[in-house]
Amino acid sequence: MGFLDQLVAGFGNALSGSGLLIMIGGVAWGIIGGAIPGISGAVAMALALPYTFSMDAATALVMLAGVWAGANYGGSIPAILMRMPGTPGSAAALMDGYELTRQGLAAKALGVSLVCGTIGGLISIIVLIALVVPLGNLVLAFGSPETFALAVFGLTLIAGLSGPSILKGLAAGAFGLLLTTVGLDTLTGSLRLTFGRRELLAGVDIISAMIGLFAVSEMFYQLSHPTRRDVTPPVDARTSFPTLRELRDVSRATVVGTIVGLIVGIMPGAGATAASFVAYNEGRRWSKRPELFGKGSLEGVAAPETANNAVQGGDLVPTLALGIPGSNSAAIMLAALILHGIVPGPFLMSQQSKLVYTLFAGLILVNLLMIPVGIVILRGCLLALRMPPPNLVASILAVIFIGTYAADLFILNPVLALIFGVIGYGMRVTGFPPAATVLGLVLGFLAESELRRSLIISHGTWAIFFTRPISAVLLVFTIGFLLYPLALNLRRMRRQPPSPATAPASGGSSR
Amino acid sequence: MPTHALRRELIAAAVLIAFGVWIVSVALKIPLGVATDPLGPRTFPAALGAGIALCGILLAGGVLLFRGRGGQVKLTMEPDPEDEGEAGGPFSPGRLAGAIGATAVYLGAFEPLGYLLATTGYVLVLMLLHGGASSRSLAITPPIAALVLYAVFKFGLLIPVPAGVLAPLLPR
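In order, the protein sequence lines correspond to chains A and B.
For the first sequence, the residue numbers in this note's numbering are 1 to 511.
For the second sequence, the residue numbers in this note's numbering are 1001 to 1172.
Just chain A, with the same shape it has in the complex (with noise of 0.2 Å):
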């Protein structure tokens, strides 16, 4: 049978029956979950999980495929509307959704990832169908050295997130990347920055930090300006879906975030919330309007939702081709294979093809019904806005806290996310970027353990990061992606000297 007639054929198996049903409940149930704060798309597939336990196996993988992907779209609905990252994939979408939706674009903003989300879902799928196996023998390429080099990669974005001040940015970045060497050290088993609490042996939760930097901060912040009183302004409770023009704007972010997304996602632990800041620093590099980035820039959300659902496909491909889960959500689909008494692995393509392929038909279906069953879920949270300011903002700041708690129930989780509102507030009226924190604290990890593995490789010389190619080309690419600017400015200091009359009024110039 060929490999159009097995797709076909796929389509079949996972329209059978109530097929298309669990699909729709699925993508629902994602959405929604992913939605609450602290309940991210791995948790959600989790308390879906025992549900499955009575289906077949291909049904059983395509409604955690739904719940997957609409998890990963979920988790910007809160993002975009009240700076509340659901997931942590979704937080690099808020810096742009957020300004989007204080100037009453919510509908748009929500519209564009939504359209956006679903393309980069749909070809990374079918990247995924069509590579999985010369992909699969790729992922054996990338070792320490290789993710270390993205690490480093994606925190050049703190240069661009700084705003006018690069000092404060990289304070910023770097108290981020402290937060991360909290807790047992997982190479030597050493206690760092604990203070004696057993509550950090396992570290500052990532969640909670970035609620109490985003939402918890901008809460503190209505709270204590009285007399505001557009939490967001009067949004339309509909979807308002791009225009061909609009998705021509942000076609190159589009692109720019589903090769990121992609790529990212194929390597094991570096994830969709990795994915997604990478996407939106390299989105802005390519823009041709890179100064409306974090101004509600169309193209700020579109390049990291792109990435936060392209993920997905990329994120399958060592899942199923090595039967190695990239992230969370794909150990959950590993569980899911391994409780059905299927071996995921080399020999999955040839032995479980009809399987294959039905997930495949089903990853495409289910990431087409985003868009219908995103509309309908959106309306009801876009009708949630038009509450009264001082009802919403008390009812967001309940809906935090009972989410953080239910991360893990543990009290120390929504202390955490006040802690980090306090910090965040702070940063806020001193000028320090919480994003810049953001972003070290979901590289950090990645970049410390990554780095000491690679120097223990090769013994403490740190050539190891220049002689293979991989990690050689990504170090160059940063490195030139940080001096380029510089050399720009340099060069246009030298031909336009600075008028006087111009000088103090850039002193005082907004955001």
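Honestly, the hints are just simulated from the structure, not real lab data.
For each residue, glycine too, the CB sits at the ideal point set by N, CA and C.
Be a bit skeptical, because a hint or two may be false.
[What the hints assert, rightly or not] Covered stretches of chain A (chain B as the covering partner; in silico rule of three or more C-beta atoms under 8 Å from a C-beta of chain B): (1) 113-123; (2) 248-262.
[What the hints assert, rightly or not] Just some of the chain A residues that point at chain B, by a computed CB distance under 8 Å: (3) GLY17; (4) LEU167; (5) ALA174; (6) SER224; (7) HIS225; (8) SER395; (9) ARG452; (10) LEU455; (11) ILE456; (12) ILE457; (13) ALA463.
[Said to hold, decoys possible] Derived Cβ-Cβ restraints for the label pairs, each shown as a range: (14) A:ARG379 to B:PHE1091: 34 to 42 Å; (15) A:ALA384 to B:LEU1170: 24 to 32 Å; (16) A:ALA463 to B:ILE1057: 26 to 34 Å; (17) B:GLY1094 to A:ARG248: 46 to 54 Å; (18) A:ALA130 to B:PRO1143: 54 to 62 Å; (19) B:VAL1021 to A:TRP462: 38 to 46 Å; (20) B:ARG1007 to A:TRP286: 51 to 59 Å; (21) A:PHE3 to B:THR1036: 41 to 49 Å; (22) B:LEU1169 to A:PRO50: 51 to 59 Å; (23) B:THR1036 to A:PHE410: 27 to 35 Å; (24) A:VAL476 to B:THR1036: 22 to 30 Å; (25) A:TRP286 to B:ILE1057: 32 to 40 Å.
Fit chain B to the known structure of chain A by using the hints.
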């Protein structure tokens, strides 16, 4: 640069320096680890602490060196959040302290008092702090918000939300 902005920048720089130095001193007490790990567990936190302190020194140096020179203000001075185009009212430290205090009390009461009672009180206090809510809204919203969230997490997500003092009255 206005005096209050200068003071704010210098305070921020001082906090960075103090925090960075403290982190370096704590990091240097971390055990060295194993010989096969060339960097060891203390290098990363110590280097980051030193980096934060250095940022603080450069920030303070920049502020003191370039104060009064309009062209350099941009290096260190952030636009005031009030000037960012936000419809923000005047800063009310009392409300901020109230919100932080109410949240701390809420988290303290979360498990012993139970989710429903603690959340009802918390939402009510926040609405009062925010101001502008009608008395009808103040009477209805807090218990409804608490009940809805309790139902979603307890029965929808099957998460054992603390029942506290209401445990005998609530369904298991």
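Ascending list of hint numbers which this structure does not respect: Going through the list in order, the structure violates hints 1, 2, 3, 12, 13, 19, 20, 22 and respects the others.
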